[in-house]
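Colleague: Using the sequences and the hints, build the whole thing.
Residue strings, one per chain:
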Amino acid sequence: MKKVAVIGVGITKFGELWNSSLRSLTIEAGTKALSDAGIPGEEVDALYTGCMTGDMFVKQGHISSLIADYGGLLPVPSTRVESACASGGLALRQGFITILSGVADIVVVGGVEKMTDALGSQTTGYLASAADQEWESFNGATFPSLYALMAKRHMYEYGTTEEQLGLVAVKNHYNGSLNPNAHFPFKISLEKVMGSTLVADPLRLFHCSPVSDGAACVILASEEKAKELRDDPIWIRSSGQASGAIGIYDREDICTIDSTVNAAKSAYKMAGVTHRDIDFAEVHDCFTIAEIINIEDLGFFKKGEGGKAVEDGITSLDGELPINPSGGLKSKGHPVGATGVAQVVEVVTQLRGKAGKRQVKDAEIGLSQNIGGSGGTAVVHIFSR
Amino acid sequence: MSVPRFWREIPYRYRLIGSYCEKCNETFFPPREICPRCRRSGDIKDIKLEEEGEIFSYTVIRTAPPEFDVQTPYAIALIKLKNGPLIMSQLTDCEMDDVKIGKKVRMVFRKISEDGEAGIINYGYKFVLAE
Ligand SMILES: [Zn+2]
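For the protein sequence lines, the chains are A and B, in the order given.
-17 is the number of the first residue of the first sequence in this note's numbering; add one for each residue after it.
-7 is the number of the first residue of the second sequence in this note's numbering; add one for each residue after it.
Source of the hints: derived by calculation from the structure; they are not laboratory data.
Among the hints, a few may not be true.
[Stated by the list, open to error] Label pairs and their in silico Cβ distance ranges:
| id | chain 1 | residue 1 | chain 2 | residue 2 | range |
| --- | --- | --- | --- | --- | --- |
| 1 | A | G43 | B | D90 | 43 to 49 Å |
| 2 | A | R367 | B | C16 | 34 to 40 Å |
| 3 | A | Q104 | B | K96 | 35 to 41 Å |
| 4 | B | E42 | A | E234 | 19 to 25 Å |
[Claimed, not checked] Subject to a maximum C-alpha distance of 30 Å in a straight line, what follows is the list of computed DSS-like cross-link-like pairs (lysine-lysine):
| id | chain 1 | residue 1 | chain 2 | residue 2 |
| --- | --- | --- | --- | --- |
| 5 | A | K284 | A | K(-16) |
| 6 | A | K284 | B | K92 |
| 7 | A | K174 | A | K290 |
| 8 | A | K284 | A | K343 |
| 9 | B | K103 | B | K40 |
| 10 | A | K290 | B | K92 |
| 11 | A | K290 | B | K95 |
| 12 | B | K72 | B | K96 |
| 13 | A | K336 | A | K251 |
| 14 | A | K285 | B | K103 |
| 15 | A | K284 | B | K72 |
| 16 | A | K285 | B | K37 |
| 17 | B | K74 | A | K290 |
| 18 | B | K40 | A | K285 |
| 19 | B | K92 | A | K174 |
| 20 | A | K285 | B | K95 |
| 21 | B | K40 | B | K96 |
[Claimed, not checked] A few chain B residues that don't get close to chain A, going by computed Cβ distances all over 12 Å:
| id | residue |
| --- | --- |
| 22 | E1 |
| 23 | R7 |
| 24 | E14 |
| 25 | D35 |
| 26 | K37 |
| 27 | E44 |
| 28 | F48 |
| 29 | E59 |
| 30 | D61 |
| 31 | P77 |
| 32 | D85 |
| 33 | K92 |
| 34 | A110 |
| 35 | V120 |
For each residue, glycine too, the CB sits at the ideal point set by N, CA and C.
Modeller: As structure tokens, then:
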């Protein structure tokens, strides 16, 4: 089978970036990635951009053309990919498939979200559009409340504690404090998490990822091109994607995100590895409970034992299986469409051994997992040196 | 939003009408045209669901979108209907401290939200504690 490599990565600072627009963020990340790959724009065959809510947050549709145009890449074919918070991960998968298909040798995959141009009161509603509008949002369900429903049930069935949820935030903030691009690059204490304002019980403000601006970009290449351009390409060993019910009321089990289980199954099979071969992972911790559910669904821990694993330090930076060395969505920030691509930027940086103070020891195989909505979409990628 | 967007769902939201697949002997809510179990081959019919159930999971929302601002804080729950599916609903007329997983609830008809001062008023089901 053909192989696809990541030959360049670029990311902006994440945060409230008042001076940056949707287009300027994307172009900053793209320019960094192209220069990391050491190629000029002329070599690019296709462009994919993950963006969830440009239409709402900045009222900009037709993002495909905008990015190709202002990125100086005309007339390269450009496609915008939307699948809520999984937009970035799906954009990556489209790039991967495009190279496997043989129609392109070099593909630029970007992800962006400009969220702070909207008013805070509008933001909750815009994000709720990833849920079932008619049968969840209509009844007043917000995004945090959907994950709160999962958390309450997880606590009820498995004895997961508020402390364990809090420790996910503490761990990810510690990792994020070592990441200069993080939105909140500082440590927080468990007391601070547990004393923060309730958003939707049991989830508090510090259990939630922030509303951030930011962009990320990766350059993909065919095997031949990758070997010609770099002596340290990072290989995309596999890509798995699956759909699940859009509403949590229709899930087989609200403590399991079956789209993740299915996407992971495909990804492990295609890469010819098992969860035991994974050295570290970037997972979709939009809320602390999500990280606990994700590390169970990916097969790393038995259902119900994710919280304990966090408490035991297994998922810490110096633990057996570091989870979210970048700081995760929680501390690094969650510019929705950028997230899935930013995860890949981190995995590649770790596999290159260039992650500085947050470097995972002996990182050879890494995994990224990106979720849309409350689990309606999941995408898993596996990478190796 | 236009008015038809809301009146087309009225039977389901006012009277708790779901779908029933004769082949799979399973009920669904909200209604579906295709059975998610047997895909296309089922024979889907409307069915009136029971108006009683129990709390499967719940949360109290303290930060809400503008349409729900006046009701904040409010509880939403996943409710396992008697002989039926899980449905999402608000809980109303209850002390938040009394809400627990496993408690019995029953349906009531209430105002759900208001689209500003002159906009559409949406009605539908909510649930109250039955014990
Ligand atoms: Zn059926």
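Colleague: Taking 30 Å as the top limit, are the C-alpha atoms of K103 (chain B) and K40 (chain B) close enough?
Modeller: Answer holds: K103 (chain B) to K40 (chain B) is near 21 Å, not above 30 Å.
Colleague: Next pair to validate is K72 (chain B) with K96 (chain B); report whether the Cα-Cα distance is within 30 Å.
Modeller: holds (10 Å)
Colleague: Just tell me: holds or violated, for the beta carbon distance of G43 (chain A) and D90 (chain B) against 43 to 49 Å?
Modeller: Because 47 Å falls inside the window, the suggested range holds.
Colleague: Tell me if the straight-line CA distance from K40 (chain B) to K96 (chain B) falls inside 30 Å.
Modeller: Holds, because 19 Å separates the two Cα atoms, which is no more than 30 Å.
Colleague: Tell me if the beta carbons of E42 (chain B) and E234 (chain A) are separated by a distance inside 19 to 25 Å.
Modeller: holds (21 Å)
Colleague: Checking one constraint from the list: CA of K174 (chain A) to CA of K290 (chain A), max 30 Å. Satisfied?
Modeller: Holds. K174 (chain A) to K290 (chain A) sits at ~20 Å (cutoff 30 Å).
Colleague: According to the definition I'm using, a residue is off the interface if its beta carbon is farther than 12 Å from all beta carbons of the partner; does E44 (chain B) meet that for chain A?
Modeller: holds (17 Å)
Colleague: Decide, holds or violated, for the assertion that all CB atoms of chain A are farther than 12 Å from the CB of R7 (chain B).
Modeller: holds (15 Å)
Colleague: For the pair supplied as a hint, K284 (chain A) and K(-16) (chain A), is the alpha-carbon distance within the 30 Å limit?
Modeller: The hint is violated at about 34 Å.
Colleague: V120 (chain B) clear of chain A by more than 12 Å, beta carbon to beta carbon?
Modeller: holds (15 Å)
Colleague: Taking the closest pair, is the beta carbon of D61 (chain B) still more than 12 Å from chain A?
Modeller: violated (8 Å)
Colleague: For the pair supplied as a hint, K40 (chain B) and K285 (chain A), confirm whether the alpha-carbon distance does not exceed 30 Å.
Modeller: Judged against 30 Å, a Cα distance of about 35 Å means the pair is violated.
Hint compliance for this structure: hints 2, 5, 14, 16, 17, 18, 22, 28, 29, 30, 31 and 33 are broken, all remaining hints hold.
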